[in-house]
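For the sequence shown, the positions run 1 to 129 when the working numbering is used.
Hints are computed from structural coordinates only; laboratory data are not their basis. Beta carbons: idealized from backbone N, C-alpha and C, even for Gly. Incorrect hints may have been included.
[To be verified] What follows is a set of in silico ranges between Cβ atoms, one per label pair, in the way DEER data are often shown:
1) 29 with 99: 17 to 23 Å
2) 96 with 10: 16 to 22 Å
3) 94 with 67: 28 to 34 Å
[What the hints assert, rightly or not] Straight line, CA to CA, 30 Å or less: simulated DSSO-like cross-link-like pairs of lysine-lysine:
4) 127 with 11
5) 14 with 71
6) 71 with 127
7) 71 with 11
8) 14 with 101
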Amino acid sequence: MNTQVIASRNKLAKWSIAWVLTTALVTFGSQFLWEARWITIIAILLSLAVGIGMVLANRDFVNAGDELQRKIQLESMGLTLGLSVVCGIAYSQLDTTNLIKQDAEIAFLILFMGITYILCVFFNARKYS
1 MNTQVIASRN KLAKWSIAWV LTTALVTFGS QFLWEARWIT IIAILLSLAV
51 GIGMVLANRD FVNAGDELQR KIQLESMGLT LGLSVVCGIA YSQLDTTNLI
101 KQDAEIAFLI LFMGITYILC VFFNARKYS
């Protein structure tokens, strides 16, 4: 990997960690650290801003790669998006039609997206190498 790809990967990792931390701050801070709604609103806005930074860092990471790396990333992102929409809607429909006992939780969809993306990158990298 060239230095630009490594630098953009490290930048993406830092933004991703920061976003996870701000998301945890919103979730757990509002439960255990404070009761004021205005603090929760500020924490959500901070998490949103850091999330946007993470998205932009992800774009920079994809753009820093060579043609093959971009193809692997974009194909993996496309498959992840498509599968997440189709499976997410089916999961929601299972809930709204009461075919599952528990409520459909966004955390399961996010977990599905993460696992799908990791697997797609792995298999696409193997396919094109």
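Do the hints match the structure? See the list:
no.: 1; hint: 29 with 99: 17 to 23 Å; in the structure: 35 Å, violated
no.: 2; hint: 96 with 10: 16 to 22 Å; in the structure: 42 Å, violated
no.: 3; hint: 94 with 67: 28 to 34 Å; in the structure: 40 Å, violated
no.: 4; hint: 127 with 11; in the structure: 27 Å, holds
no.: 5; hint: 14 with 71; in the structure: 24 Å, holds
no.: 6; hint: 71 with 127; in the structure: 11 Å, holds
no.: 7; hint: 71 with 11; in the structure: 21 Å, holds
no.: 8; hint: 14 with 101; in the structure: 38 Å, violated
Of the numbered hints stated above, those contradicted by the structure are hints 1, 2, 3 and 8, listed in ascending order.
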